[in-house]
Amino acid sequence: MDGTNCYHCGEDCDNFSVDFDEKHFCCHGCKTVYEIFADNDLSYYYDLQAAAGATPKAIKGKYDFLDTDSIVEKLTEFKDDKLQLINLYIPHIHCSSCIWVLENLNKLNSSIRNSQVDFPKKTVRISYSSSKFSLKDLVLLLAKIGYEPYISLDDYDNKKKSVNHELIYKLGVAGFAFGNVMFLSFPDYFDLPSNTPSGGEFWLNQYQDVFRWLMFIFSLPVVFYASWGYFKSAFKGLRSRVLNIDVPIALGIVVLFLRSTIDIVFELGPGFFDSLTGLVFFLLLGRFFQQKTYSFLSFERDYKSYFPIAVTVINSEKEERTTQIHDIKKGDRLLIRNEELIPVDGILLNGNARIDYSFVTGESEPVRKKSGDKVFAGGKQLNGAIEIEASKKISQSYLTQLWSNSVFQKNKADTFQTLTDSIGKRFTIVVLSIAIIATAFWLYHEPSKAMNVFTAVLIIACPCAISLAAPFTLGNMLRIFGRKKFYLKDTQTIEQLAQIDTAIFDKTGTITTSKKTIPIYQGSSLNKDEELLLKNTLRASNHILSRSLYRILDANDIITLDTFEEYLGKGIEGTKDNNHIKVGSSDFVSKRKFHETINTAVHISSNDNYKGKFIFYNQYRDGVSEVFKTMSKNMKLAILSGDNEGEKLRLEKLLPKLTPLYFNKKPEHKLEFIKSLQEKDKKVLMVGDGLNDAGALAQSNVGIAISENVNVFSPACDGILDASKFQQLYQYILASKKAMRIIKLSFVLSLLYNVIGLYFAITGQLEPVIAAILMPLSSISVVAFATVMTNILGRKIK
Amino acid sequence: MSVIYVLLAISIVVAILFFIAFIVSVKKGQYDDSYTPSVRMLFEDELVIEKSSEEIKIDKNPTK
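Respectively, the protein sequence lines represent chains H and U.
Heads up: the first sequence begins at 390 in the working numbering, then just goes up one per residue.
Heads up: the second sequence begins at 210 in the working numbering, then just goes up one per residue.
Incorrect hints may have been included.
Claimed, not checked - The calculated lysine-lysine pairs, modelled on DSSO-like cross-linking and capped at a C-alpha distance of 30 Å, are:
| # | chain 1 | residue 1 | chain 2 | residue 2 |
| --- | --- | --- | --- | --- |
| 1 | U | Lys236 | H | Lys511 |
| 2 | H | Lys412 | H | Lys496 |
| 3 | H | Lys510 | U | Lys237 |
| 4 | U | Lys237 | H | Lys463 |
| 5 | H | Lys463 | H | Lys511 |
| 6 | H | Lys719 | H | Lys759 |
| 7 | U | Lys236 | H | Lys621 |
| 8 | H | Lys451 | H | Lys763 |
| 9 | U | Lys236 | H | Lys468 |
| 10 | H | Lys621 | U | Lys237 |
| 11 | H | Lys769 | H | Lys781 |
| 12 | H | Lys959 | H | Lys1037 |
| 13 | H | Lys1022 | H | Lys1127 |
| 14 | H | Lys471 | U | Lys237 |
| 15 | U | Lys237 | H | Lys511 |
| 16 | H | Lys463 | H | Lys525 |
| 17 | H | Lys718 | H | Lys451 |
| 18 | H | Lys1126 | H | Lys874 |
| 19 | H | Lys873 | H | Lys1187 |
| 20 | U | Lys236 | H | Lys471 |
| 21 | H | Lys463 | U | Lys236 |
| 22 | H | Lys468 | U | Lys237 |
| 23 | H | Lys496 | U | Lys237 |
| 24 | H | Lys1127 | H | Lys1037 |
| 25 | H | Lys621 | H | Lys769 |
| 26 | H | Lys510 | U | Lys236 |
These aren't lab readings, by the way, just hints derived from the structure by calculation.
Quick caveat: nothing in here was measured; it's all calculated off a predicted structure.
From just these sequences and the hints, can you work out the full model?
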């Protein structure tokens, strides 16, 4: 029976399968989705891509807040009495089947008028008539077919993010002008008007003013609209006394425009309008290439994209009402259901709380709380419903206060000087001194040519090719990394990554896997019957720990238990032929008192005799040891964990000797730790995964979030690394260093062109046609060089 | 020789028309999502087959 996979979601279903319509399903949820699709003529879904579906999750009560009108109002893009329009983010969108089924939603419900998927962003825009159909119905329908939308506080707070088309417009304007100006300067390229000795073109000669002034008009929007960003940036740089690369560029553009205008006004020549428009066009092209990244990933998330929009409040008359999170007041009584998030700090009133704080503190073990205990925002309740009393407002909670730290306001890009900018500084100084020396020389020999030479030097030395080298090299690297599942926020991150000399790792979820844990048995061995009974008792339970224990036990016979009982939060009990077995927490299994172990343990007793326990250890990612070993040769490493010291000994064995290990670090401690390293002039890479690392990720030079599934939440960071590629981390850093070397080589190449151009400029022979040839030629050869080299580099990395 | 004015005017008007078309297409969001339309385009053909099978099914239903 090998390879039976669920027809809907592709999950392996050897152990358990629901058969329907001659097809296998891993669970009833998947079968139900199949039925819905089959009944509504949507089974083409399975033809497009096999096993594309997702198992629908239980969502009872989760979307009750969508009944509240004011919330619906905030979430929808458009809303009137009849029609509503909403844009929903659905993380599961991943293939053509998804697009197809979501765009055919109207077959499932006739109230849905139109739905359109934006695949790169993983969103779907749905318009529906709201007379018989509400937003809640829509979300429930989507969840029922396995496409549960992700709605968080983030959607509520900032409503519409308008797409910025400015760069495309500028590029369009520059390209349009470039083409037309080149077309108009064609007569000049072939020297047609002035070449009277060889006959000349009389009529072109007659109308050359028309051509020239048309070129002038075309260049106006290029100078005053398309290249405005360069003037602004150069001005900003000068004001803060930094000579960035935009200074010589802006200078070049200004000089090109003024010299050309003067040339045509005094009929000295045709001007350099073709070079001017071409220059701006190429520059913007570089920007465009650098800018486009992953629209489905967000690198700016804070706690808001993790928090729900609303929560159930129980008022004094014991009525349950959904309340928007910002409206929660101190003293409100909140109902937190199973798997829901605690939105504010509070006091537990009743219920059996087992709270998973792994996301907030890095602690892997869920914490038990009794009524009267304090609970903190950000924890996830795992054990049935609880009630808490809010003791603070949301913005004052312990977790949310982390975001008031000033690092979150700072933009790393502002403080970092890129390689291009640091070259730009020296470049500007050199070019200006060459221009001045050459002018001085000509002033002495032939004053009439001096101005000509001065402007020619500034024009030809305009560092177009230099400023294209980095965008194309790094932009291409960004795409190559993306294909290897290493998603970086921007090209600057690659530059920063190349300089890293210290790497700090979080433990839980970063170097350990979140799913797999290996249980190790301690205690007296179990006999055959006991093992069989244990296995079959575990088989009946759906608890995560039971499932992973079940997988490692050898006994294979399936027997029917006489009785089976599951005690929520305590354990399970099974009997067969007068033998009974108890599996679970220590006080459930035996009356004996145990030392509290730090690691998760499952205790076992057979017929009330205590047998032993399975201890669950964190499982480290494959290759952690090797990654640390190779990295430790070239940089300093450390582990910074929010977890307790339970794993210290194992970590020491796993990692290179003398790797510093720090435990019990709170989020703000992590931030301070990174800061203190940076004060010692270290370039720090932080690798983390949860909200507890958010501060450290923001403070570090490069913060990388490890994620098992890049579509689900990850905290604000500079890069997201797919967990399966953890072993490649160091390779990626090395590749970034190589990319920087490619940029430097490109600089050399473009400087060669500049030297050739300067020869013409200094000797006073710079004709517009030479500039028009040299400039695009240098740009194109630099772009080609950078692209080819990075592709070669990309092929080498795994 | 005024033909050159006419020619220039025509060429520039054509260029500007295309430029306006470009601006309009950007405004309409044609460049926002460059992937999904390429997939969606392939669905239409299959949908026709889907519809014909639907008709057959409707025919079958009354006999049940």
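Each hint, compared with the structure:
no.	hint	in the structure
1	Lys236(U) with Lys511(H)	holds (21 Å)
2	Lys412(H) with Lys496(H)	holds (23 Å)
3	Lys510(H) with Lys237(U)	holds (17 Å)
4	Lys237(U) with Lys463(H)	holds (24 Å)
5	Lys463(H) with Lys511(H)	holds (20 Å)
6	Lys719(H) with Lys759(H)	holds (20 Å)
7	Lys236(U) with Lys621(H)	holds (25 Å)
8	Lys451(H) with Lys763(H)	holds (24 Å)
9	Lys236(U) with Lys468(H)	holds (22 Å)
10	Lys621(H) with Lys237(U)	holds (29 Å)
11	Lys769(H) with Lys781(H)	holds (18 Å)
12	Lys959(H) with Lys1037(H)	holds (28 Å)
13	Lys1022(H) with Lys1127(H)	holds (18 Å)
14	Lys471(H) with Lys237(U)	holds (24 Å)
15	Lys237(U) with Lys511(H)	holds (19 Å)
16	Lys463(H) with Lys525(H)	holds (14 Å)
17	Lys718(H) with Lys451(H)	holds (21 Å)
18	Lys1126(H) with Lys874(H)	holds (19 Å)
19	Lys873(H) with Lys1187(H)	holds (7 Å)
20	Lys236(U) with Lys471(H)	holds (27 Å)
21	Lys463(H) with Lys236(U)	holds (25 Å)
22	Lys468(H) with Lys237(U)	holds (21 Å)
23	Lys496(H) with Lys237(U)	holds (27 Å)
24	Lys1127(H) with Lys1037(H)	violated (36 Å)
25	Lys621(H) with Lys769(H)	violated (47 Å)
26	Lys510(H) with Lys236(U)	holds (18 Å)
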